[in-house]
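2 protein chains.
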Amino acid sequence: MAIKVGIVGYGNLGKGVQQAIAQNPDFELVAIFTRREPQQMASLLGEAKFEHISAADAYIGVIDVMIMCGGSATDLPEQTPVMARMFNTVDSFDTHANIPAFFDVVDAAAKENGKVSVISTGWDPGLFSLNRLLAQSILPEGTDYTFWGKGVSQGHSDAIRRVPGVKGGVQYTIPVQEVIERIRSGETPELATREKHLRECYVVAEENANQEEIRQAIVSMPNYFSDYDTTVNFITEEQLREEHGEMPHGGFVIRSGITGQGKRQIIEFGLKLDSNPEFTASVLVAYARAVVRMSSEGQKGAKTVFDVPFSYLSPKSAEELRRDLL
Amino acid sequence: MAIKVGIVGYGNLGKGVQQAIAQNPDFELVAIFTRREPQQMASLLGEAKFEHISAADAYIGVIDVMIMCGGSATDLPEQTPVMARMFNTVDSFDTHANIPAFFDVVDAAAKENGKVSVISTGWDPGLFSLNRLLAQSILPEGTDYTFWGKGVSQGHSDAIRRVPGVKGGVQYTIPVQEVIERIRSGETPELATREKHLRECYVVAEENANQEEIRQAIVSMPNYFSDYDTTVNFITEEQLREEHGEMPHGGFVIRSGITGQGKRQIIEFGLKLDSNPEFTASVLVAYARAVVRMSSEGQKGAKTVFDVPFSYLSPKSAEELRRDLL
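Listed in order, the protein sequences are those of chains A and B. Take the first sequence: its position 192, counted from the start at 1, is 219 in the working numbering, and no numbers get skipped. Take the second sequence: its position 50, counted from the start at 1, is 77 in the working numbering, and no numbers get skipped.
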């Protein structure tokens, strides 16, 4: 019997989940919940039932797992604890510093109501976290590196757009390839912020704006750009739309460790993603499968990727996995 | 209280486990079990108690987990089921085709006696298997690639040494870097065996042996070399000893998948190891920690890496892991 799914939130991530569900025949999409007017929603992919988010409680006992697709700033802190009282949930809450507090709130809500909630899936937090944990557990003596990109940073793109005279823009975070090669070849450098990533901005200036002033305002912006080597390229609105409309991302987690008498051992995990939201959505769907399985075993409360055996992510049986993938 | 460990077998892998335990202060090495004369064994690292393998039953209730360090051809099929009746165990059984049968035998032995046995850890099977499962679960539409090396293949080195006129030799498996770059850039080629790996042989010929005949015998050897581009280099015994005494290895697991409307998503995991046995040993020790935890929870029977949440591999608490690594 198919796993019955609800999607909460229908932005890029929610649309990605709808597409990912279509690739996984053991899932069935029951409804998409939105704060907008359900009648005015259009499905990206085939038919879909839209419901106002306030109508979710009518689906108690019907939906096996709610896939939470809101943002981490305000949506998830509000929505996940509410939904976790009624449904098993999975989300991609990614504000690292607030994860412990978020965990506690969701854990209480889910436990009280006998539900399972896997929080903070996706790729960072998520797959990158898994690789940090795995590599540290295997190589207790070593150095960790995380590089992000090449990819669009939403926060930095927003920061650009707040500069006076800027009409639009996008920022790419780019890992410094030479440094990654040094680490791969066995060096363990201590790296300043500036040495790890470059920031590349594509900016549409308002007519009559002073481009040099905009450039200075961006490259000197504290927290966002002043600690980096930042390049600012001015482009037209049409170029922004046509050449920078995608949301690629990725990165690398590397641990360079030592065993025995100084033997160098390097573990590396990398992602190269054409679509950040579609990939995050695909991770959410795999963990939704695990949530339902954990719930059916009688588990309850908040969980993270650290608590989930990989066999729970797959529709295949344990026998198949041992035979075909081990 | 420290986890009390026994090591079964004291070759390269057993020595690596002894070294890995020294890097993990939550472990205590109780004894090393050997088929050789215990009195004649010398410890690589500090003091160690050696016991004949037949004396293992005296340690029932004392040793929390036995780390099995024998070979997959004959040692582990015999030793793991015996030890799994008395102790929790972890091993690196790596004969892929025989894993299902090995699992069943160990599962029965461990279950009957209330023990946990994690089989087939290490890196392939082991970490590579985990990455194959993870990537397939997240990207159901895609293509898998596994590359090995650069590293010493024991089986191929043995094959070289069986050629008449060969005194000694070592074989390196080398992944074809250009093909890996094509896959990283988004291509999904169908690859013949020859296109994925090169085989590089360093051979010491006997005096008066015909080197060209040796070269022909190697490169045309079915199963081992005839499907590959193989190079044969003749060296002296001294060169073999001084330049080829290490056991490096590594490789890559790559899944190149598609989401949504044809977005390319690439997941890659790679290892670059100065010492294959020391790294495998480090994986065994991390999974030994998990074995003890699973046993203390009342689990029993055979398990694989697919069944173990990563949090079980770490000495850190769930709170620490969420705070520091998620």
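Hints in this document: simulated from the structure, not taken from any laboratory. Errors might be hidden in some of the hints.
The list treats identical chains as one, so a pair stands whether inside a single copy or across any two.
Calculated cross-link-like contacts (lysine-lysine; reagent style BS3-like; alpha-carbon spacing at most 25 Å) [as the list claims (entries may be wrong)]:
no., residue 1, residue 2
1, Lys194, Lys290
2, Lys343, Lys138
3, Lys343, Lys327
4, Lys138, Lys194
5, Lys31, Lys343
6, Lys223, Lys327
7, Lys327, Lys31
If you check each hint against the structure, which ones fail? Hints 1, 4, 6 contradicted; others consistent.
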